[in-house]
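J.: Take a look at the letters that make up each chain.
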Amino acid sequence: MFAAVAVFFTSCSDDDDQGIVDNLPLGAYDNGVLILNQGNFGQDNSSISYLSNDFATFQNNAFLAVNPTKVLGNTGQDVGFYNDLAFVVLNASNKIEILNRYSLEYVATIDSGLDNPRFIAFANGKGYVTNWGDGGVTTDDYVATLNLTNYTVSGTIPVIEGPERIVENNGKLYVAHQGGYGYGNTISVISSTSNTVSNTITVGDVPNSLQVKDGSLYVICGGKAAWTMDETLGKLVKINLATESVTSSIDFAVGNHASNLYISDNTIFYTQDSDVFKMSLTASSLPITSLFSTVGQGVYGVYSFAVENNKIYVGDAADYNSNGKVYIYTTTGTLENEYTVGVTPAGFYFN
Amino acid sequence: MFKKLALFFALTACSLIWAQQDSIFQLREVVLTDSQLKNFSDTQNTTKLNDSVIQKNQASLTSLLRYNSVIYFKENGNGMVSSPSFRGTTAQQTAVIWNGININSQLNGQTDFNTLTTRDFNSITVRAGGGSVIYGSGAVGGTIHLNNDVSFREQFKNKLQLNYGSFSTFGANYTLDVATDKISVNASISHNQSENDYEYIGFDKKNENGQYENKSFSSHIGYRINRNNEIKFFSYLFDGSRNFSGTIASPSKSNYLDFNTRNLLEWTNYSGLFTSKTKVAYLTEEYKYFENKALENFTTGSANTFIAKYDLLYNWTSKIKVNSIIDYTQNSGSGSSLSTNKREIGSFSLLFKHQVNDKLSYEASLRKEITSNYKSPFLYSLGGNLQLVNWYAIKFSGSKNFRIPTFNDLYWQGSGNLNLKPESALQAEFGQVFTYKKATLTTTAFYSKITDMLRWLPNASGLWQPINTDEVSIYGIEALFHWERHFRNASIQIDGTYAYTVSENDATNKQLIYVPFHKATSSVAFRYEKTTFTFQNLFNGAVFTSSDNAYKLKEYFVSNVSLDYKIGNKKPLILGFQILNLENKPYQNVLSRPMPGRNYMMNLTFNF
Numbered sequence: 003m004f005a006a007v008a009v010f011f012t013s014c015s016d017d018d019d020q021g022i023v024d025n026l027p028l029g030a031y032d033n034g035v036l037i038l039n040q041g042n043f044g045q046d047n048s049s050i051s052y053l054s055n056d057f058a059t060f061q062n063n064a065f066l067a068v069n070p071t072k073v074l075g076n077t078g079q080d081v082g083f084y085n086d087l088a089f090v091v092l093n094a095s096n097k098i099e100i101l102n103r104y105s106l107e108y109v110a111t112i113d114s115g116l117d118n119p120r121f122i123a124f125a126n127g128k129g130y131v132t133n134w135g136d137g138g139v140t141t142d143d144y145v146a147t148l149n150l151t152n153y154t155v156s157g158t159i160p161v162i163e164g165p166e167r168i169v170e171n172n173g174k175l176y177v178a179h180q181g182g183y184g185y186g187n188t189i190s191v192i193s194s195t196s197n198t199v200s201n202t203i204t205v206g207d208v209p210n211s212l213q214v215k216d217g218s219l220y221v222i223c224g225g226k227a228a229w230t231m232d233e234t235l236g237k238l239v240k241i242n243l244a245t246e247s248v249t250s251s252i253d254f255a256v257g258n259h260a261s262n263l264y265i266s267d268n269t270i271f272y273t274q275d276s277d278v279f280k281m282s283l284t285a286s287s288l289p290i291t292s293l294f295s296t297v298g299q300g301v302y303g304v305y306s307f308a309v310e311n312n313k314i315y316v317g318d319a320a321d322y323n324s325n326g327k328v329y330i331y332t333t334t335g336t337l338e339n340e341y342t343v344g345v346t347p348a349g350f351y352f353n
Numbered sequence: 004m005f006k007k008l009a010l011f012f013a014l015t016a017c018s019l020i021w022a023q024q025d026s027i028f029q030l031r032e033v034v035l036t037d038s039q040l041k042n043f044s045d046t047q048n049t050t051k052l053n054d055s056v057i058q059k060n061q062a063s064l065t066s067l068l069r070y071n072s073v074i075y076f077k078e079n080g081n082g083m084v085s086s087p088s089f090r091g092t093t094a095q096q097t098a099v100i101w102n103g104i105n106i107n108s109q110l111n112g113q114t115d116f117n118t119l120t121t122r123d124f125n126s127i128t129v130r131a132g133g134g135s136v137i138y139g140s141g142a143v144g145g146t147i148h149l150n151n152d153v154s155f156r157e158q159f160k161n162k163l164q165l166n167y168g169s170f171s172t173f174g175a176n177y178t179l180d181v182a183t184d185k186i187s188v189n190a191s192i193s194h195n196q197s198e199n200d201y202e203y204i205g206f207d208k209k210n211e212n213g214q215y216e217n218k219s220f221s222s223h224i225g226y227r228i229n230r231n232n233e234i235k236f237f238s239y240l241f242d243g244s245r246n247f248s249g250t251i252a253s254p255s256k257s258n259y260l261d262f263n264t265r266n267l268l269e270w271t272n273y274s275g276l277f278t279s280k281t282k283v284a285y286l287t288e289e290y291k292y293f294e295n296k297a298l299e300n301f302t303t304g305s306a307n308t309f310i311a312k313y314d315l316l317y318n319w320t321s322k323i324k325v326n327s328i329i330d331y332t333q334n335s336g337s338g339s340s341l342s343t344n345k346r347e348i349g350s351f352s353l354l355f356k357h358q359v360n361d362k363l364s365y366e367a368s369l370r371k372e373i374t375s376n377y378k379s380p381f382l383y384s385l386g387g388n389l390q391l392v393n394w395y396a397i398k399f400s401g402s403k404n405f406r407i408p409t410f411n412d413l414y415w416q417g418s419g420n421l422n423l424k425p426e427s428a429l430q431a432e433f434g435q436v437f438t439y440k441k442a443t444l445t446t447t448a449f450y451s452k453i454t455d456m457l458r459w460l461p462n463a464s465g466l467w468q469p470i471n472t473d474e475v476s477i478y479g480i481e482a483l484f485h486w487e488r489h490f491r492n493a494s495i496q497i498d499g500t501y502a503y504t505v506s507e508n509d510a511t512n513k514q515l516i517y518v519p520f521h522k523a524t525s526s527v528a529f530r531y532e533k534t535t536f537t538f539q540n541l542f543n544g545a546v547f548t549s550s551d552n553a554y555k556l557k558e559y560f561v562s563n564v565s566l567d568y569k570i571g572n573k574k575p576l577i578l579g580f581q582i583l584n585l586e587n588k589p590y591q592n593v594l595s596r597p598m599p600g601r602n603y604m605m606n607l608t609f610n611f
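From first to last, the protein sequence lines are chains S and P.
All letters in the first sequence, in the order written, are residues 3 to 353 by our numbering.
All letters in the second sequence, in the order written, are residues 4 to 611 by our numbering.
Check the hints yourself; a few may be wrong.
As the list claims (entries may be wrong) - Computed list of lysine to aspartate or glutamate pairs in EDC-like fashion (alpha-carbon distance at most 16 angstroms, straight line): (1) S:LYS72 / P:ASP207; (2) P:LYS208 / S:ASP267; (3) P:LYS209 / P:GLU198; (4) P:LYS452 / P:GLU507; (5) S:LYS327 / S:GLU338; (6) P:LYS296 / S:GLU170; (7) P:LYS256 / S:ASP136; (8) P:LYS296 / S:ASP136; (9) S:LYS313 / S:ASP267; (10) P:LYS256 / S:ASP113; (11) P:LYS513 / S:ASP321; (12) P:LYS256 / S:ASP117; (13) S:LYS327 / P:ASP207.
If you're looking for bench data, these hints aren't it; they were derived computationally from the structure.
Given the sequences, and given the hints that come with them, work out the whole structure.
T.: Structure follows, in structure tokens:
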């Protein structure tokens, strides 16, 4: 037996010698995507699925398989990578589970100083986590700063209502105020040296997704939906990060409320209800027709979305109670693979 | 006390006899105001839990019915929100009837069974199967009847019950019964509280935010004006505060307040072959939810219901009863996420019963509602009861029942859907009653087809809205068993229930979530002189927690034992001791919400 294992390892290192060094797996869950399944609010059924980049390996409940005595938690919201670590933000559990991003082995838990944590980013050797505070209170929202040495919340930066997604660029953090239980319309700029809000940029209503590309921040604002009785237009906003000013803003048509901005190469992808759209980074108008629709797969509103390695990843929450689905398409919209994942697939994180 | 206990379930299989005792020509000493429960329930199963059963069980309606009926409860941790599934139906498809009045919430359509204190009622009857013709919306799986008896039997009685147990659980109830042949006054006041900080067995955690406290006040007053006229007034007030428990992996800091009042005034007139009841009722419900109990911020909802009812019973012959009911109901509701709205419903019901002879009776009834809010179906029921031989009887019935959209479904800001139809259910059942000496076994096979099920689903842009969607097929079998035997200074009594329930979504052929295939209860009571030993068991089969049936909660088997000792005869003092969850079994009845392990309770009952 031991001899067989030895032979196996030997042959592995032979592969290394043949020049695959840069792709040497750092753990069982490297070279693939971690899929965070949110689970149901109040049910402690968040889970992580893994799909390798070559689609040869797929595993549900990967966290539990590695850490059989642990409960990941309630309402997984986001995963952030920092060095070898994955920070899993669990909204209803008010905690962050820190794992090795490649092996998924448990490292530590941060369970104090967080209140309705949402999304995470890293800058200047610190973690930044958006927090809603109490849902019914509009004045207690903040961004928590994390000490990444002892895994504690080291401070808080008060921000306005409803901080949601957060991205980092050049030591600054950009927080989209989607609005929590209300409707926001700004981006807060946080300096990671002073840990204060240094600027506020007004965008459209309900900024729901954002990404930095070549010194510009692209933001999709969904606009207020019709049922709010105060419907507003969706917008695709481009911000020059050097001047922190809006350089272009394109309105969506009335009734079109887009989300899931994802920039891959020089192409912007986004979704609207069950349809996927694609446009050039430099285009000055929105595409008239969709790239493809996921309706054929029975997807009723794209819940999570990513574009990596020339593949489009679509997460379908189904009825939010059953196991969800992940569909993989080519960048032209041909369905290639589908997988049954955990309950409510909420995000894709590529290792 | 044990004599009363001996009545336990006696009516289960003997409703024939019960109905025959009814005669309006003599002055009745004890009057049940829910007269349809008595007059028009022969073709279905009714199980009456009287005050001695109520006393022996824990004070919440959840706990009483969980251990003494086929009804399955989904309880969000001990003492938290609790909803029933009766014969495979949803929480909104079981109606709770307080003295003949449907008290399900107008806001969410269901009753939280932890917001009713059993000690405030003289008896609680479980009526299985459809009852919408009589009791209206939600009487699909069955109805739970909370009854206060107005007694014109000369008496002056006081009763004080105290209990104290694990997790600093304390309960008290004081009941006063005063009556002459002219006037009857009953008042009951209850208080229950608990730290409820039990350990989650197998996890290094406690139930941290589970404290609850509630007070209730119940009274009923009867006045006999003359031989032909009686006035009755019923009142029930419940004021509860609960912190909502978290789960194994998430803390909670929330608090929830319930404040409900129910008042009913009734005038009964006996005039020849006619008995008329004119009723006016006013119900209020209000909740407040604090996401963080340390803060002042809360969300709230409230609803008020006014009911006027005219109920005329005509004893056509000694064998034929005809009952017509005209009902006008006005609901109004408002809340933080509800626009203020009002709705009016008028209904007419006609019930007919023919006791052909000692062996055979049949019932037929119909109901039609008029309202501008939704398209109301024509409801009906038809059933028969036949005593074939002295040890064997059959019962059969079929009915159409419904559940109307709630205020939340219709008027929730941004999501409410004004185009909803009521859920409707077509049902049939066949029961057999076997009697041998003092043993009875009742088995009932049931089938029901529910259409236009109301569900909240997200639309393509992620907005959750209620729609009429699924069709559900339900079938199964229920069995109820009762046996008792009396010796010179001892007695023994055995009761059991079992239900097998399939409740499938027609589109997917999957079992509905939180509906167990199997549920069984048993209770064995043995008395020797003044000491009674009771052993209670509950088996709850596995339930699915996701609609694709990919996840399930495993089955559990829990036992309770109790020992009661009676001092004195006429106005006895009763000392009791109970061990609940005797074997310290870890179990969850809602995912991630563990229930208490072994715990203890002491009881003291004074009669004076």
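J.: It remains to establish, for every hint, whether it holds in the given structure.
T.: Evaluated hints:
no., hint, verdict
1, S:LYS72 / P:ASP207, "holds, 12 angstroms"
2, P:LYS208 / S:ASP267, "violated, 48 angstroms"
3, P:LYS209 / P:GLU198, "holds, 11 angstroms"
4, P:LYS452 / P:GLU507, "holds, 10 angstroms"
5, S:LYS327 / S:GLU338, "holds, 13 angstroms"
6, P:LYS296 / S:GLU170, "violated, 35 angstroms"
7, P:LYS256 / S:ASP136, "holds, 10 angstroms"
8, P:LYS296 / S:ASP136, "holds, 11 angstroms"
9, S:LYS313 / S:ASP267, "holds, 12 angstroms"
10, P:LYS256 / S:ASP113, "holds, 15 angstroms"
11, P:LYS513 / S:ASP321, "holds, 14 angstroms"
12, P:LYS256 / S:ASP117, "holds, 11 angstroms"
13, S:LYS327 / P:ASP207, "violated, 34 angstroms"
Hints 2, 6 and 13 from the earlier list are contradicted by this structure; the remaining hints agree with it.
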